[in-house]
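*Asks:* Single-letter residue listing:
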Amino acid sequence: MIPLNFDYYKPKTLYETIDLFHKLHSIGKKPMYYAGGTEIISMARLNNIQIGAVIDIKGIPECNIHELKNNKLIIGSAITLTDIANLNYYPLLSLTVKRIADHTIQGKITLGGNLAGTIIYREAVLPLLVADSHLMIASKKEIKTLPIKDIFQGRIQLEKGELILQVIIDEKFLSLPYAHIKRTKNEKIDYPLITISALKNRKNKINIGFSGICEYPFRSYEIEKALNSTFDSMDERVNNAINNLPDKLLNDLAGSSEYRKFMLKNMLYDILKKFEVAN
Amino acid sequence: MNHIPQIGVNITRKEAWNKVTGATKYNADTIKPNILYAKLLTSSHAHALIKHIDISRALKLDGVYSVITGNYLSTQIGSVVSDRYPIAYKKVRYFGEPVALVVANSESEAMKAVKLIKVDYEPLPIINTISDALKPDATLIHEKLHEYFCPVEDVYPQANTNIADHIKIRKGNVKQAWSECDVIVEGNFTLPKSDHIAMEVRNTRAEILPNGKVIINTSSQTPFSIRHTISKHYNIPEGDIIVRTPLVGGAFGGKSTVDLEILAYLASRSVGGRLVQITNTREEDIATSPSKIALEANIKIGATKDGLIKAMKATYYVDCGAYANTGPRMAKAMAVNGSGPYNIEYIHIDAFTVYTNHNYVTSFRGFGHSAFTFCIERMMDKLASKLKMDPIVLRTKNIISPGTLTPTKDRVTLSNTGDLKACIEKLRNLINWDEYKKVQYENGMIRAKGISCFWKTSTSPTNATSGVILTLNSDGSINLSFGAVEIGPGMKTTIAQILAEKMKMSVKNVHVTMYVDTQVSPNHWKTVASMTTFMVGNAVIDAADNLIHQLQHIGSIILKCPPKDLMVANQRVYLKANPEIYIDFKDIAYGYKYPNGESIGGQIIAHGNYIMKHLTPLNKETGEGKVGPSWTLGAQAVEIEYDPKLYTYRLLKAATVIDVGKVINPKTARGVIMGGMSMGLGLATREEFIYNDEAILKNTSLRTYKLIRFGENPEYLVDFVETPQIDGPFGAKGLGEHGIIGIPAAFANAISLATEMEFDKIPILPEEIWKKKTGGKP
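For the protein sequence lines, the chains are A and B, in the order given.
Residue 1 is where the first sequence starts when you use this note's numbering, and the numbers rise one by one after that.
Residue 1 is where the second sequence starts when you use this note's numbering, and the numbers rise one by one after that.
One or more hints might be untrue.
Stated by the list, open to error - According to the in silico footprint, chain B covers these stretches of chain A (three or more CB under 8 Å from chain B): (1) 28-40; (2) 184-192.
Claimed, not checked - Restraint ranges, calculated between C-beta atoms of paired labels, are given here: (3) Asp643(B) x Thr145(A): 43 to 51 Å; (4) Ile143(A) x Lys773(B): 52 to 60 Å; (5) Glu236(A) x Arg650(B): 26 to 34 Å.
I should point out that these hints are in silico values taken from the structure, not numbers from a laboratory.
We put the beta carbon where it would ideally sit given N, CA and C, even for glycine.
Sequences and hints are given; from them, build the entire structure.
*Replies:* Dropping the structure here:
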């Protein structure tokens, strides 16, 4: 049961969409972009969200592109996790999204929704962070393409009315050696205790992103530096990585911070071993 | 005449096609015009005085018809101790307790109004654990406990304490028994509260018609108790109340308490009798409606050096939460069966029901048995380990046998228990026990097996009863009506099979009424305690005898012979000596018409019933008494794979061998047992209520409250032993709950063996194993 009334719009063009958002916003309608709706529904039924209108972005052609073109993989923000896994252009992303929620929900959750969601894990961002992806953002005045690290710091940094149009990944990242590990409290399908997505780049260095460790997902250059410091022993590399976490460890129903630390350590060893064997 | 057996065969349940195609309508699926909706404001405190409630803003909202609080027709309900106001009055005692109820045009308007109600609370000290509750100077959750009305005689609330009841079992000569023991083991056990999580959340519609009839449509296991409770508390003749229940989407005991029905009745009454619907959200179903008990226990057992258990002392503390409800009855069930299926000469059990500021409780699949069985079966493994005996050998040595006495001094017979030894032997083969109990593979992974035994009886009221009505149709088929609710295990079909077998006809031609309507259906005590097959089964055989008698009577006139010369099969009455002389049911169903038009008979309507026999209440000081007609018993096992590096595990196999007397429908029985095992694994590995220091329940949604999902299940193995129960229908016994009972213990035994640590608390999560193995140091 959703206790609030809201208007529903499904514009056909990007221009209309952005324009509509600002119009609705200016008359106090509290509009929200909508694609899969999984978060809107869960928050609305608990009366935890104020919306007067939802603008469905699934009608915008740019948001539905999913192709490899000119050495770039382009994924529209309205593409579902199921589609990403099925087309499987980028195996690390496929693996990561296949472990978000359950199969039914994966058919609803969109890439843009997972990146912009309020639930803190946003695991789909990890393969994008480690592949130095770009996000194409549309606003009233422009369409801009930005490196993901500039616009995703813990969560997506969007101005009112801005919309993620597409994710762009350079083809060279798609075939790199990769690793994905997800550990949960005890379930096959759950929020992460810790999720790690990592690539081994062309300089034989590890690019690595984390979710579930802190209150936000992140890629940390300090941690990468520690892990890639091949002069150090494996123990030192792992310990240095853990000592360079950007924030305090989460401590919640999924697990204590001490347990997360134990689990993180194990996972880092597994990643290092995996990539070393791959050498 | 040839008869194709109708029991012991797989019959697809009669409602199956309607269910799998979505055609089945559950209670809340029926959309009614002109209906109002009720929503609850629930307590944000676990223990507080209600100083003031301001409903004025809510009342002013468009679409709102009424807002009621605890002072509206205030009365205390509770089938054992009447300690609970349906809407909290002056005081809240758990987080999530109803504080106010809004009736409005739509659910959304009601929800908006709920947000506008302002409540001033004055927080009280919190009782968050059983030990808090038992402290000498503990805050009293019910100051006037000694003044409360108790609808039953055998409950003993203790004035000026938080103890709602104390059951004692005293059997045998204490001094002698302990002095004969060579070894003594002791253990402390903790099991948390958790929820039923039936797929269908609780929901009810109520209306009061101008002629005074109260109509309740509800998802419940106990339509007849609802009628009785509303009648008693609101002074309405029982016959003026009609309770209807269609198919129920899972219950597991959770729908055995009169809960939303009273709220819906009050809501309807507050708007002049209009039809009002109240439906829980999942969060309310978890936090506001009643849940499963928590348990703390201390157990000591003593045995001779060759493994004969001589003595047992156990103290069970049942956390019933804020209100007793059926808590004392589960404590009683734990006490009376508290030895497990073992013959122990000296038994000393105390079972206390203790109030805390947690959600109040109701029955949960197993009715306390999975809780105490966890303790007893862990103790068996501890004892086996101390004696260096195989856990199966130790158990086999001590199992109850005909002639011995149960803890309440009831005489054990093969018929009223079964062949546990045969169950254990079958289980041993099923899980290849002798191949290995524990093994480590080259990759470091450890596989381990754990076992447990169980028994359960019904502990119903001594006068629990059940009825059946049969009517004949003009096509010669039989309509079957009874008052037990179909909550999922396929029991409507089971009873139809028993009738078909008794009538020597095809079950296809038995039409069973799927809904229950208290005005039309014969009374059935409650659809609980795994008693439907036994009670309704006996009642339907009684009804079939009545039907056969009537058929023989009319047949004797038409076929011109004494009734005793006639037999009944394949929907006809025929001459024993010459089956070619017969009359079909269809020709006598509505009376028999002679060729000349003259008629005799009239529609054939038969009835039968069953009432519990020779049950007695327990003696207050010794616990002596007869609590149930029989025990169903069996043996279970769990095999796991443990990763000693990460302290995680996988479930590989879960197995049950159970003596059910007679298997009526093998596939359905298997499914019910598997479902029980799945729930048992849920309890063992993840399900628990997590309270913070203020006793606020933290995991009120399925995001954080975890249960087993499809795909996480192990391979399930089920087998049966059939030792007929002499007074059961075709020898059959109940099996509905039993799959759950021993599984948490078997899992904990397997994990304890794999990890070489003692796990006496569930759920056992990887983090718990890590903490125990490492002391919690990363």
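*Asks:* Would you mind marking each hint as holding or not holding in the structure?
*Replies:* Hints and how they fare:
1. 28-40: This one is violated; 0 residues, fewer than the three required, reach chain B with a Cβ under 8 Å.
2. 184-192: The restraint on the region 184-192 of chain A holds, since 7 of its residues have a Cβ under 8 Å from chain B and three suffice.
3. Asp643(B) x Thr145(A): 43 to 51 Å: Holds - the Cβ-Cβ distance for Asp643(B) and Thr145(A), about 44 Å, lies within 43 to 51 Å.
4. Ile143(A) x Lys773(B): 52 to 60 Å: Distance hint for Ile143(A), Lys773(B) holds at roughly 55 Å.
5. Glu236(A) x Arg650(B): 26 to 34 Å: 33 Å, holds
The earlier numbered hint that this structure contradicts is number 1, and it is the only one.
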